[in-house]
Amino acid sequence: MSPRPPEAGAAARLVVRCGNAPGVRVTLGDRRRPDEDTVAFSVRLRGEGLSAKVDDVGLWVWDEDRLPDFFDGLAADVRGWSGERRWTGHRLALSAVFAPGGRVGLTWTVRPRLPAGASWEAALTTWLDAGRQTADLAAGLRGFLGRPYGAA
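Quick note on numbering: our numbering labels position 49 of the sequence shown as 49, and the sequence is numbered without any gaps.
Possibly wrong hints are sitting among the right ones.
Between beta-carbon pairs, the in silico distance windows are [unchecked claim]:
no., residue 1, residue 2, range
1, Arg13, Asp65, 32 to 38 angstroms
2, Ala99, Pro22, 15 to 21 angstroms
3, Pro22, Gly83, 26 to 32 angstroms
4, Asp55, Ser82, 31 to 37 angstroms
Source of the hints: derived by calculation from the structure; they are not laboratory data.
Computed from a predicted structure; not experimentally measured.
Each residue gets a CB set at the ideal place from its N, CA and C atoms; glycine is no exception.
Please build the complete structure, drawing on both the sequences and the hints.
Take a look at the structure:
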């Protein structure tokens, strides 16, 4: 099956900036639809002394733990939670903690697919205000991913 073009109306990229450190950011881009069941994209982490990019992060419609649902859950819990929440995919993992003062720390970890015996990973934490910023991020992610996760 040939790749599908990006959907009209889908955001070209999604940038998550750290509220207290504007140079720290995570960018989701290069969105494509390899087939009707898959959305693939790149994730780039940037911060002081760090630049890492992983291509071909894939989400499938049949995934049990859906990335948009993870973000929707964070946005819904504006009063916070205890412990750490996690979402794990093939090349991207996320963990979220709720900190005093209504802040959410999101740690983004990327791992490329490499030949056997070779590996690396990079992690970056962005801090957002619970409520509006997490809700905006959840909506932005659905807009970036397009169907079947959100607006097309």
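Outcome of the hint check:
1. Arg13 - Asp65: 32 to 38 angstroms: 23 angstroms, violated
2. Ala99 - Pro22: 15 to 21 angstroms: 19 angstroms, holds
3. Pro22 - Gly83: 26 to 32 angstroms: Check passed, 29 angstroms falls within 26 to 32 angstroms.
4. Asp55 - Ser82: 31 to 37 angstroms: 35 angstroms, holds
In this structure, only the earlier hint numbered 1 is contradicted, and the remaining ones agree with it.
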